[in-house]
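Spelled out, the chains give:
There are 2 protein chains.
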Amino acid sequence: MFNFDFYNPTRIIFGKDRLESIEELVPAEATVLITFGGGSAKKSGLIDKIKTMLGNRKVYEFGGIEPNPRYETLVKAVEIVRSEKIDFILAVGGGSVIDGTKFITLASYYEGDSRELLKCGFAPMPVKQAIPFGVVLTLPATGSEMNNTAVISYEHAKYFFATELVFPKFSIVDPTITFTLPKTQVANGVVDAFVHVIEQYLTYPVAAKVQDRMSEGILQTLIEIGNTTVSETENYDARANHVWSATLALNGLIGAGVPQDWSTHFIGHELTSFFGIDHGQTLAIILPSLLAVRSKQKYSKLLQYAERVWHIENGSEEEKIDLAITKTREFFESLGVKNRLSEYGVGVDKIPVIIEQLKAHGMTEISETRDLTLDISRKILEGAM
Amino acid sequence: MFNFDFYNPTRIIFGKDRLESIEELVPAEATVLITFGGGSAKKSGLIDKIKTMLGNRKVYEFGGIEPNPRYETLVKAVEIVRSEKIDFILAVGGGSVIDGTKFITLASYYEGDSRELLKCGFAPMPVKQAIPFGVVLTLPATGSEMNNTAVISYEHAKYFFATELVFPKFSIVDPTITFTLPKTQVANGVVDAFVHVIEQYLTYPVAAKVQDRMSEGILQTLIEIGNTTVSETENYDARANHVWSATLALNGLIGAGVPQDWSTHFIGHELTSFFGIDHGQTLAIILPSLLAVRSKQKYSKLLQYAERVWHIENGSEEEKIDLAITKTREFFESLGVKNRLSEYGVGVDKIPVIIEQLKAHGMTEISETRDLTLDISRKILEGAM
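In order, the protein sequences belong to chains D and B. For the first sequence, position 64 (counting from the first letter as 1) is numbered 64 according to my numbering, and the numbering increases by one without interruption. For the second sequence, position 290 (counting from the first letter as 1) is numbered 290 according to my numbering, and the numbering increases by one without interruption.
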């Protein structure tokens with residue numbers, strides 16, 4: 001097991017009818033900005049309900065944060081925070097709204113060009129304070145409601161940063177709020193959570209037995225409830241397990257003390273930036289091919305994955321691994337998530353341009369062993385056709 | 001899945017050679033009280049090392065916090081905190097030292113009779129502030145290093161309280177610091193962690209699939225590393241998994257959203273208070289008998305436990321359950337932890353006095369279904385002979 005630090009001070013308020021906690025959790029004297037996305041939170045009446053909970057507090061709204069939230073959009077919210085002296089933000093949405101809000105909370109305190117914040121990655125931020133914020137989660141997928149990271153789009157690229165300043169103060173996670181989501185988004189959310197676990201689990205063994213077991217537990221749960229949470233939109237048990245699994249998949253716990261491989265995300269990000277393919281779909285496209293191409297590097301953990309997650313008992317080790325990869329692909333398909341690049345209208349002729357983008361963004365030696373080169377990325381993309 | 005709140009702001013610093021983090025984590029201007037137990041931390045040189053890390057800070061020491069820490073001991077530390085204006089405490093020890101320190105941090109701010117704090121249970125505390133404190137963990141067992149609860153002994157009883165005020169600010173969890181522990185304490189620690197998981201898992205099903213999977217993951221890990229962590233005192237991999245499992249077993253995560261049954265602990269506490277049997281040993285005595293006596297109430301989860309944790313595939317449901325209970329008992333035995341009351345010199349003639357104690361402490365309707373009466377406790381004790 002590697003040495004690790006673990007710290008996660010976000011308060012989770014989970015379950016049915018938890019919205020009223022807002023009254024207590026948002027400071028009584030706060031001037032609040034509610035951030036949200038494309039308008040469904042508004043149309044459904046959720047924003048109005050939240051405003052009622054906020055009582056006499058002064059409330060502003062900022063809607064229109066798009067999927068893969070854009071710098072250009074978010075800086076407009078920063079202007080409102082500054083001009084209206086906002087001192088608490090309530091993000092109502094999924095990963096995009098929450099990630100975007102994390103940027104807003106930091107940029108509001110930053111005097112320089114806030115594009116500099118985008119490039120920080122895991123490095124320390126040139127800002128020491130952020131506007132405190134809470135979350136009302138509407139889409140289970142990214143885990144952003146209980147972590148300290150964000151991905152922001154600017155021009156043709158996605159940028160990542162991480163800082164303890166952007167842990168939400170609280171997140172209200174009510175599975176019933178997600179009942180009205182389109183099936184596509186629910187399915188993408190299952191894939192996203194699944195791949196988050198995989199990227200922290202399917203690397204090489206470091207005798208982190210309890211982390212492995214917990215990762216396997218989340219994967220088995222997602223497999224067990226995946227089809228139900230997509231097809232039975234109001235099945236509380238399935239959705240509750242889906243939502244909590246998605247949060248646990250990326251709150252730092254299963255990744256503590258183990259190697260991590262974010263290659264599927266890195267390659268997937270280019271597909272979103274360049275072709276506008278949904279984030280979850282890009283992961284479903286890349287992961288099965290990546291596992292096949294990297295099966296030697298990941299041999300031991302792939303075998304463990306086959307045996308413990310898919311309960312494959314028969315066949316040679318290689319056959320077990322192959323079958324586990326096939327089952328992974330079939331699981332995504334069963335959710336209705338296509339996992340061939342060609343099915344999204346992207347042909348083999350586009351591979352060079354994707355490789356160019358990876359190169360331009362410094363993704364030349366990725367993975368847990370830093371040896372996934374552009375040549376290997378090309379093979380993965382070819383295998384994903 | 002039940003509704004739940006989850007909040008745990010303790011910073012975990014895990015791994016080899018992490019003591020130097022103290023320099024950064026303890027406020028630079030703090031006047032520090034180091035609390036510890038029977039003296040092994042002193043003799044081993046650990047306290048001196050820590051004092052070096054604390055540099056120019058003014059440091060006081062309070063040793064002698066006993067296993068099952070006593071109110072009478074702890075109030076002496078409260079006097080030091082007040083007279084020396086201590087504003088940070090560093091607890092160096094296992095669950096007893098940490099639990100005791102939690103009481104000290106609260107009692108130092110309480111103007112009334114601090115015995116009132118002992119009786120709070122889950123009720124709000126009549127104190128709104130606590131001295132901040134950190135932990136250097138020396139014994140993996142109770143999980144107190146990452147939770148907000150404590151058990152304190154006073155006269156012939158154990159008292160429990162829980163409040164967010166007593167989350168440690170940080171806990172340094174270095175498995176190598178535990179290498180010098182006597183085998184008995186290591187073994188008791190494995191049992192303690194194991195039973196913590198069981199009490200949050202082996203109840204009745206509420207479709208909390210991901211919590212179940214995580215609990216099963218911790219149990220499987222403890223079974224896998226139990227013998228090694230006891231017999232190979234310097235096996236880092238085994239001890240690291242033991243230590244981190246013990247923390248995860250009681251940091252609130254696996255218990256979020258599920259019923260909990262603390263009957264084994266409640267009955268066990270009386271055995272410690274009255275006969276001085278080690279806490280972990282009392283759990284090993286009570287649990288197998290309790291599972292047998294309560295197998296109808298716990299039928300569905302016991303079957304799941306048999307199949308998923310012990311991988312029992314053959315036999316009728318009842319046979320699987322019986323075998324799982326036998327395997328649990330054998331696991332404790334394999335660690336060298338005797339699990340018959342008679343093996344600790346307590347005969348069947350003592351059962352009435354234990355029942356009297358349970359009655360005196362209000363333990364008349366316990367368990368997740370509040371129907372474990374004194375009569376059933378008597379049957380459990382008879383089965384534990």
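Just so you know, these hints were derived from the structure itself, not from any lab. Check before you lean on any hint, since a few could be wrong.
[To be verified] Subject to a maximum C-alpha distance of 25 angstroms in a straight line, what follows is the list of computed PhoX-like cross-link-like pairs (lysine-lysine):
id: 1; chain 1: B; residue 1: LYS158; chain 2: B; residue 2: LYS128
id: 2; chain 1: B; residue 1: LYS327; chain 2: B; residue 2: LYS158
id: 3; chain 1: B; residue 1: LYS169; chain 2: D; residue 2: LYS169
id: 4; chain 1: D; residue 1: LYS16; chain 2: D; residue 2: LYS42
id: 5; chain 1: D; residue 1: LYS128; chain 2: B; residue 2: LYS58
id: 6; chain 1: B; residue 1: LYS76; chain 2: B; residue 2: LYS42
id: 7; chain 1: B; residue 1: LYS359; chain 2: B; residue 2: LYS327
id: 8; chain 1: B; residue 1: LYS43; chain 2: B; residue 2: LYS58
id: 9; chain 1: B; residue 1: LYS128; chain 2: D; residue 2: LYS169
[To be verified] Selected chain B positions facing chain D (Cβ under 8 angstroms, derived; list incomplete):
id: 10; residue: ASP5
id: 11; residue: PHE6
id: 12; residue: LEU19
id: 13; residue: GLY39
id: 14; residue: LYS42
id: 15; residue: ILE80
id: 16; residue: GLU216
C-beta: ideal position from N, C-alpha, C; glycine also.
Checklist entry - Out of the numbered hints, which ones does the structure contradict? => result Checked against the structure, the hints that fail are numbers 2, 5, 7, 12, 13, 14 and 15, while the rest are satisfied.
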